[in-house]
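Since the structure of chain A is already known, use the hints to place chain B on it.
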Amino acid sequence: MKPDFEQFKDLPGTTIFTIEKAREGFHFNEFCMSLRQEENRKRFLADERSYLDEWEMTEEQKEAVLTRDFQKMLDNGGNVYFLSKIFAAEGLSYVQAVSTMTDMNVEQYQAMMKSGGRHIDGWRSKKERGEA
Amino acid sequence: MAKITAGIATSHVPAVGAAIDMGRTEEDYWRPMFEGYEFSKNWIKTNNPDVAIIVYNDHASYFGMEIMPTFAVGVAESFEICDEGYGPRPVPPVEGAPELATHLAASLILDDFDLTVLNVLEVDHGLTVPMSLMFGTPDKWPAKVIPLAVNVVMYPQPSGERCLSIGKAIRRAVAEFDEDLNVQIWGTGGMSHQIQGARAGLINLPWDQKFMDDLINEPEVLQYKPHLEYMREAGSEGVELIMWLIMRGALGDKVDEVYRFNHVPASNTSVGHLILTPKEEA
Numbered sequence: 001m002k003p004d005f006e007q008f009k010d011l012p013g014t015t016i017f018t019i020e021k022a023r024e025g026f027h028f029n030e031f032c033m034s035l036r037q038e039e040n041r042k043r044f045l046a047d048e049r050s051y052l053d054e055w056e057m058t059e060e061q062k063e064a065v066l067t068r069d070f071q072k073m074l075d076n077g078g079n080v081y082f083l084s085k086i087f088a089a090e091g092l093s094y095v096q097a098v099s100t101m102t103d104m105n106v107e108q109y110q111a112m113m114k115s116g117g118r119h120i121d122g123w124r125s126k127k128e129r130g131e132a
Numbered sequence: 133m134a135k136i137t138a139g140i141a142t143s144h145v146p147a148v149g150a151a152i153d154m155g156r157t158e159e160d161y162w163r164p165m166f167e168g169y170e171f172s173k174n175w176i177k178t179n180n181p182d183v184a185i186i187v188y189n190d191h192a193s194y195f196g197m198e199i200m201p202t203f204a205v206g207v208a209e210s211f212e213i214c215d216e217g218y219g220p221r222p223v224p225p226v227e228g229a230p231e232l233a234t235h236l237a238a239s240l241i242l243d244d245f246d247l248t249v250l251n252v253l254e255v256d257h258g259l260t261v262p263m264s265l266m267f268g269t270p271d272k273w274p275a276k277v278i279p280l281a282v283n284v285v286m287y288p289q290p291s292g293e294r295c296l297s298i299g300k301a302i303r304r305a306v307a308e309f310d311e312d313l314n315v316q317i318w319g320t321g322g323m324s325h326q327i328q329g330a331r332a333g334l335i336n337l338p339w340d341q342k343f344m345d346d347l348i349n350e351p352e353v354l355q356y357k358p359h360l361e362y363m364r365e366a367g368s369e370g371v372e373l374i375m376w377l378i379m380r381g382a383l384g385d386k387v388d389e390v391y392r393f394n395h396v397p398a399s400n401t402s403v404g405h406l407i408l409t410p411k412e413e414a
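Note that the protein sequences, when read in sequence, are chains A and B.
FYI, the numbering for the first sequence is 1 to 132, going by the numbering used here.
FYI, the numbering for the second sequence is 133 to 414, going by the numbering used here.
Chain A on its own, in the form it takes in the complex:
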């Protein structure tokens, strides 16, 4: 069966981690995996730039990490489960990190979740939103 990676581009505000993205983000995600070890977390937080320079990552990927731009990390082959190692190193929760990718602050995001989450109406497809 011929893979159809294009189909996911119609999903608004969503980056699907495909086998192609996984290839693009391989070294980046390996860096994230290294943060499973406490000594690496300490070394990373002590000097982020030097730690990042130990990995075969693109400058864009490194910049995205240094500025904690999670959307940019996704755009450059990162996957949120790997990225969680970065925010876990700082003791942040998923809600705290994930909310930064939306147009809400963390309090607004949490309030949305408590009132039942983001409603799907208007978020099904880019076509429906007039974005494609």
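By construction, these hints were calculated from the structure, which means they are not laboratory data.
Any given hint could be a false lead.
In silico contact screen, one side only, chain B against chain A (beta carbon under 8 Å); selected entries [said to hold, decoys possible]: (1) 147; (2) 216; (3) 283; (4) 285.
Every value quoted in this text rests on a predicted model; they were computed, and no experiment measured them.
The beta carbon of each residue, even a glycine, is placed where N, CA and C say it ideally should be.
Then chain B, alone, in the frame of chain A:
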């Protein structure tokens, strides 16, 4: 003869594990969710399995991107707990069931499911949070476990048809194991949630509830739901729900619904939980 006597489906939200580990289950935010599992904790006391086959996914905790198996079975004597970045969860190590696990792996491979065999595996919240929800906080887990790890992180995930059909093969394989064992199958993950991008926080409870109905009554139809539809309607991480199809496939044609629970939210996620038993053939 070993027999699959029940199927359990449950979300495996990491924050739920953290709430248990930090003693926060009585807080206003968490109490309604944990109350929904009280029935199940009592139920399993009288229905304790010898072995639970737990279908779950690793969240970049043990598997990096070097090796990404589609289906992998843990056959070891025991499984340690991963450090997911916050330090390992303070729960007991998980005891394996090597004899049934090797029988199961071999049976599935001979049935044309090209499984990866794991002689070493550390398990993450995907497996341990469901155990905490069902068993509470014992010093030693009351059941042995066979972890069945499914790739749901990287597209392409296995298809719904493949998931339902490996579930059916698991049922046959367990029935052909000579020892008398009470075996349960647990399907974990879901329900609707998206933890990335501008659409993060998506919850679709009506869709989740329809999914539960279809899982119980029409799995043969549900199996054809494409990945795109899970991602569109239940969020990018909602695709984890294909793992519930494996559980369902292992229960046979008809099931009885023992228990159902939904709660929104736990962290970013719509929590769903089912206990099903195979309908006895007349």
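Inset, instruction - Check each numbered hint against the structure and report the violated ones by number, ascending. - result: Hint 3 contradicted; others consistent.
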